[in-house]
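Engineer: FYI, the numbering for the sequence shown is 103 to 163, going by the numbering used here.
Be a bit skeptical, because a hint or two may be false.
Below 20 Å or equal to it, Euclidean Cα-Cα: the simulated EDC-like pairs (lysine to aspartate or glutamate) are [as the list claims (entries may be wrong)]:
# : residue 1 : residue 2
1 : Lys148    : Glu138
2 : Lys106    : Glu147
3 : Lys148    : Glu113
4 : Lys106    : Asp159
5 : Lys148    : Glu112
6 : Lys148    : Glu117
7 : Lys106    : Glu138
8 : Lys106    : Glu117
Using C-beta positions, here's what the derived DEER-type ranges look like [as the list claims (entries may be wrong)]:
#  : residue 1 : residue 2 : range
9  : Lys106    : Thr127    : 28 to 34 Å
10 : Arg114    : Gln150    : 16 to 22 Å
11 : Arg114    : Thr156    : 18 to 24 Å
12 : Ile154    : Glu117    : 20 to 26 Å
13 : Leu158    : Thr109    : 26 to 32 Å
14 : Arg114    : Val141    : 14 to 20 Å
15 : Ile110    : Glu147    : 15 to 21 Å
16 : Glu117    : Thr156    : 14 to 20 Å
17 : Gly115    : Thr156    : 20 to 26 Å
Calculated from the structure, these hints are not laboratory results.
Since we're looking at a predicted model, the values are computed, not measured.
Beta carbons are placed, not taken as given, at the ideal position from N, Cα and C, and that holds for glycine.
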Amino acid sequence: AMEKIQTITEERGLEMSPLSGIIITGDGRHVMPVEEVPVINNYVEKHQIPIITTPLDTLGS
103 AMEKIQTITE ERGLEMSPLS GIIITGDGRH VMPVEEVPVI NNYVEKHQIP IITTPLDTLG
163 S
């Protein structure tokens, strides 16, 4: 998904990201920490996008 957002940002010549933030939900057992995924980390750092993690899911647990 981040690759697609990055592509759209570049294709439209946007200076600012269309993302206002990222929320990571679940129990924390992700494949790897967000900081270790280069395409996500580079985009997040470049656009200073806040990341919030929570053990709650998006269905209101």
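Engineer: None of the hints should be skipped; say for each whether it holds.
Structural biologist: So, going through the hints one by one against the coordinates:
no.: 1; hint: Lys148 / Glu138; in the structure: holds (15 Å)
no.: 2; hint: Lys106 / Glu147; in the structure: holds (17 Å)
no.: 3; hint: Lys148 / Glu113; in the structure: holds (17 Å)
no.: 4; hint: Lys106 / Asp159; in the structure: violated (24 Å)
no.: 5; hint: Lys148 / Glu112; in the structure: holds (13 Å)
no.: 6; hint: Lys148 / Glu117; in the structure: holds (10 Å)
no.: 7; hint: Lys106 / Glu138; in the structure: holds (19 Å)
no.: 8; hint: Lys106 / Glu117; in the structure: holds (16 Å)
no.: 9; hint: Lys106 / Thr127: 28 to 34 Å; in the structure: violated (20 Å)
no.: 10; hint: Arg114 / Gln150: 16 to 22 Å; in the structure: holds (19 Å)
no.: 11; hint: Arg114 / Thr156: 18 to 24 Å; in the structure: violated (30 Å)
no.: 12; hint: Ile154 / Glu117: 20 to 26 Å; in the structure: holds (24 Å)
no.: 13; hint: Leu158 / Thr109: 26 to 32 Å; in the structure: holds (30 Å)
no.: 14; hint: Arg114 / Val141: 14 to 20 Å; in the structure: holds (18 Å)
no.: 15; hint: Ile110 / Glu147: 15 to 21 Å; in the structure: holds (18 Å)
no.: 16; hint: Glu117 / Thr156: 14 to 20 Å; in the structure: violated (30 Å)
no.: 17; hint: Gly115 / Thr156: 20 to 26 Å; in the structure: violated (34 Å)
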